[in-house]
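Chemist: Protein sequence lines, in the order shown, are assigned to chains A and B.
For the first sequence, my numbering begins at 1 and goes up steadily by one.
For the second sequence, my numbering begins at 1 and goes up steadily by one.
Warning: the hint list may mix true and false statements.
[Said to hold, decoys possible] To give a feel for the contact side, a few chain A residues facing chain B, derived at Cβ under 8 Å:
no., residue
1, 14
2, 46
3, 72
It is worth saying that the hints were derived from the structure and are not from the lab.
All residues carry an ideal CB built from backbone N, CA and C; glycine is no exception.
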Amino acid sequence: MLSCRDVHDLASAHIDRELPWRRRMAVRLHLAMCKHCRRLMRQLRATVAVLGRVKDADPPVSPEREAALVELFKRERP
Amino acid sequence: MSPPPPLPDDATLVAALRAGDDAAFVRVVRAYDATLRRLARGYVGEALVDEVVQDTWIGVLRGLATFEARAAFRTWVCRILINRARTLAVRSARMVPMSSLGPEGAGDGGDAAGEGDRDAPAAGPPAPWSEEDPARLAAHQELLAFVEQALTELPERQRLVVTLRDLHDWSAEDVCNALDLTESNQRVLLHRGRLRVRAMLEQHLAASRVP
Ligand SMILES: [Zn+2]
Numbered sequence: 001m002l003s004c005r006d007v008h009d010l011a012s013a014h015i016d017r018e019l020p021w022r023r024r025m026a027v028r029l030h031l032a033m034c035k036h037c038r039r040l041m042r043q044l045r046a047t048v049a050v051l052g053r054v055k056d057a058d059p060p061v062s063p064e065r066e067a068a069l070v071e072l073f074k075r076e077r078p
Numbered sequence: 001m002s003p004p005p006p007l008p009d010d011a012t013l014v015a016a017l018r019a020g021d022d023a024a025f026v027r028v029v030r031a032y033d034a035t036l037r038r039l040a041r042g043y044v045g046e047a048l049v050d051e052v053v054q055d056t057w058i059g060v061l062r063g064l065a066t067f068e069a070r071a072a073f074r075t076w077v078c079r080i081l082i083n084r085a086r087t088l089a090v091r092s093a094r095m096v097p098m099s100s101l102g103p104e105g106a107g108d109g110g111d112a113a114g115e116g117d118r119d120a121p122a123a124g125p126p127a128p129w130s131e132e133d134p135a136r137l138a139a140h141q142e143l144l145a146f147v148e149q150a151l152t153e154l155p156e157r158q159r160l161v162v163t164l165r166d167l168h169d170w171s172a173e174d175v176c177n178a179l180d181l182t183e184s185n186q187r188v189l190l191h192r193g194r195l196r197v198r199a200m201l202e203q204h205l206a207a208s209r210v211p
């Protein structure tokens, strides 16, 4: 039987589906019975999801910057 | 904005760059410039980000002739960025040179599974958030900006691993190669970094009742 601490330590591996089947089942069993760990898992998933959206707000490379880097490329290329 | 088209495989890409193909270089810039700028921001203030990234592109172009495809092209580019950023950060005295990518970077949890446990779980269970739905959370620009800021407060290696894995979708293998980490260190750093961001989100969402 996994402790809350065990589940805490395995949370990312669980989210990333990196756990072997038996461990995965043990985590799921714990989650079925422990609302604190369910909340941690839910919040960690949400954290990863939000992190994954951060770059959506990145502005594209500006045409000026692109032009400047192409100039650099022409100057430096082998 | 639509994402840029995927890059060709490394061998094709490097051959095109060596042949002086401007268009290939533009594609590389579009694919990696934002990643490099974000990594640089972890080391230096906004005023120096341009310089670090510019230095990096120069390093990439000058290194192309001798680049050997032992690791992925992007991991090589990333290593150049980190070297430049660290050098400039030390010079601009924003960072003391003791924090290191090497094994002596203690305290960030990447040393051994049980060590560096400064962010052991809080004694209490996690507090509920005012909103826990990922899609609704991610719809808030303010929250994305908060998370971006939160990342800068992570220890160096946690920040790098989380940024590359979770923001820029790098594989664990490429992250290990770029940062000289073992697979297990990489996993611990990723987990610790995510836990810290979660904890910061918890405080933020409890305090401001946002969104
Ligand atoms: Zn539990």
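Chemist: Can you list which hints this structure breaks, lowest number first?
Modeler: 1
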